[in-house]
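Asks: Here is how the chains run, residue by residue.
Protein chains: 2
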Amino acid sequence: MRDGMNSRILLDAAKSCILASSPVFRRQQFLIRCVGGSTDQRDMQALRSLEVDSQSIIRAITPALDPTRHKGQAGNIAVIGGCREYTGAPYFSAISALKIGADLSHVFCTTDAAPVIKSYSPELIVHPVLEESYNVGEEHKSSIASKVLAEVDKWLERFDCLVVGPGLGRDPFLLDCVSEIMRHARQSNIPIVIDGDGLFLVTNNLELVSGYALAVLTPNVNEYKRLVQKVLSSEVNDIDAPQQLLSLAKQIGGVTILRKGNSDLISDGDTVKSVSVYGSPRRCGGQGDILSGSVAVFLSWARQHILAADSNSNIRFKNPTVLGCIAGSAILRKAASLAFSNKKRSTVTGDIIECLGKSLEDISPAS
Amino acid sequence: MRDGMNSRILLDAAKSCILASSPVFRRQQFLIRCVGGSTDQRDMQALRSLEVDSQSIIRAITPALDPTRHKGQAGNIAVIGGCREYTGAPYFSAISALKIGADLSHVFCTTDAAPVIKSYSPELIVHPVLEESYNVGEEHKSSIASKVLAEVDKWLERFDCLVVGPGLGRDPFLLDCVSEIMRHARQSNIPIVIDGDGLFLVTNNLELVSGYALAVLTPNVNEYKRLVQKVLSSEVNDIDAPQQLLSLAKQIGGVTILRKGNSDLISDGDTVKSVSVYGSPRRCGGQGDILSGSVAVFLSWARQHILAADSNSNIRFKNPTVLGCIAGSAILRKAASLAFSNKKRSTVTGDIIECLGKSLEDISPAS
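Just so you know, the protein sequences line up as chains F and V, in that order.
Reminder that position 226 of the first sequence reads as 226 in UniProt numbering, one-by-one numbering, no gaps.
Reminder that position 45 of the second sequence reads as 45 in UniProt numbering, one-by-one numbering, no gaps.
Just chain F, with the same shape it has in the complex (with noise of 0.2 Å):
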């Protein structure tokens, strides 16, 4: 697979040296600096550090489009969430995969969200597996959850990536069926994109994800707040976040932890990276979700680049979970940063999502 790609790694790493004095990166160093809260000169330091060549990596996982492959190599994603309360967060995340590239597109709801989601988008394949308390009797619930493991099951192999929690809601009966989902998932390595209420669920339930890999953990502020208090029985760290990061992924057993910020910074317990390319300072909600869906295709696309790549293949980290944070963070920011010029404080989600195409289109171009 895309045999010229390798050296132009080798150039992209060579060219980041040269990046660091150029007047793209002193400007976003300008921003961090301004917009960076409580960071002060010795972490920007840090930070600076840390930051990657994303392009590099979006351009060197990012499969070539060859006519000879058929429908679903590209990339098939699940996710799952959407309940009677929230519709739009996994509509959001599903439709997000399809624009960045994947083939195939579903989601795993309520079936009361079920015919809002479909109607939002004929593109995605909507499930109405799930069920919430309300609707169903304390006596039926053994019975209702074995239907659902078994609709999910016969899906669940033919998923390069799943994503769980946009629009997942809280219900207690619903959580524990998608516990099962994940448990079921992680026994057939594959991968988990962790957001919103699913990192609730996993907040509370740290076995569903502690040693495995192949998790990711999305978290914003303060869903990040309640993991460490969980995990690390302390506060945040915003004086050496990078190593309470670290800390808090491999106390985890080595889940990748994507920390969304002013700079998104990226852990698997073994290394730290950081994102800080400028996106929009519009933080309508939604964005999470794109982010979601953007990291389930990437990731799933990385550990494709990786199995197929040989020895000599360039990419300086082989952890496909760590690669796929650091595309979608970037693509998103991207996008982001797009939709604003255009749309400004009106600038909404969808807006947004129409920007994918164009961002991953200016950073590897499809032919």
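Any copy will do: because identical chains look the same in the list, a pair fits if it lies in one copy or spans two.
As a list, the in silico DSSO-like pairs of lysine-lysine whose alpha-carbon atoms are at most 27 Å apart: (1) K358 x K344; (2) K230 x K260; (3) K260 x K225; (4) K225 x K154; (5) K343 x K71; (6) K71 x K358; (7) K250 x K230; (8) K71 x K344; (9) K343 x K358; (10) K344 x K118; (11) K260 x K154; (12) K71 x K225.
Please keep in mind that the hints were generated in silico from the structure rather than gathered at the bench.
Dock chain V against chain F, hints included.
Replies: Here is chain V on its own, set in the frame of chain F:
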């Protein structure tokens, strides 16, 4: 109808010899060579000799837009598909029929799927008539099956073509009802294009189509494999693909089969044709649905054309199902290529559908 058309066909047929040395033709041949997978030089030679001048065929069968014609004369298509799980596929197929130029496009789906499919577009006429087992008590199955049949029968005679299968699902009760619908359509000599789960049904019940010259099967790689195993009791033979396809179509009594692939191969058991116009390397799910809807319209047009044309008509092969397949295949490829040149990796099925009109207009201008 279209008196000036026949002379144009003659001209186009003459041109096709010149075309063989044109840059477009050479590029197609180059691409086939590049992407042919297991196809060697000898096979390429064979495939090349099967390539048809699809543009001339499209121009020949596309009816003139005559202001004296009234609603329905340019095609009234019905898609049988859409269940609790799938709603996008029947929508894509039915809306593609309209975008090619049919006057009316219907969908017959389950009661659950109908509101969703209706919500995708007010352009379609969606009938909530089918039922799946989970919704029907054992004791009511017979009466409900009769009701479904009666409901479809009310409309059947009006349709120029049925598309059976997009998003049909595999519920046994539903498939039993659809088998009956196919039998009725066959009695009325209504052409049937069969794709997706319709192929699952037909592969297991070959008598539904066997010997019916107005049946078209449009299998993808996996569906073709199952069909070959079932009918020829052998494995797919890529070395002599045209001969195997010919045998398969003959064995099912002269149905037309469009085998989807890098080159689409089409046979009615009598002749084999190939369409290799370059499409798109994007393999997003749903492109097969565009094809089935497009083939349905072109097939109807080809049938009208052949019925109306005098015996001197210069279309060399007179089977409307083969002509419909050639035209549908070529238009989908052209539309996919146009959409991809604009949207690249983020191309989704809806983007391709939006290019159907321009693709047809480029080949056969409306005025």
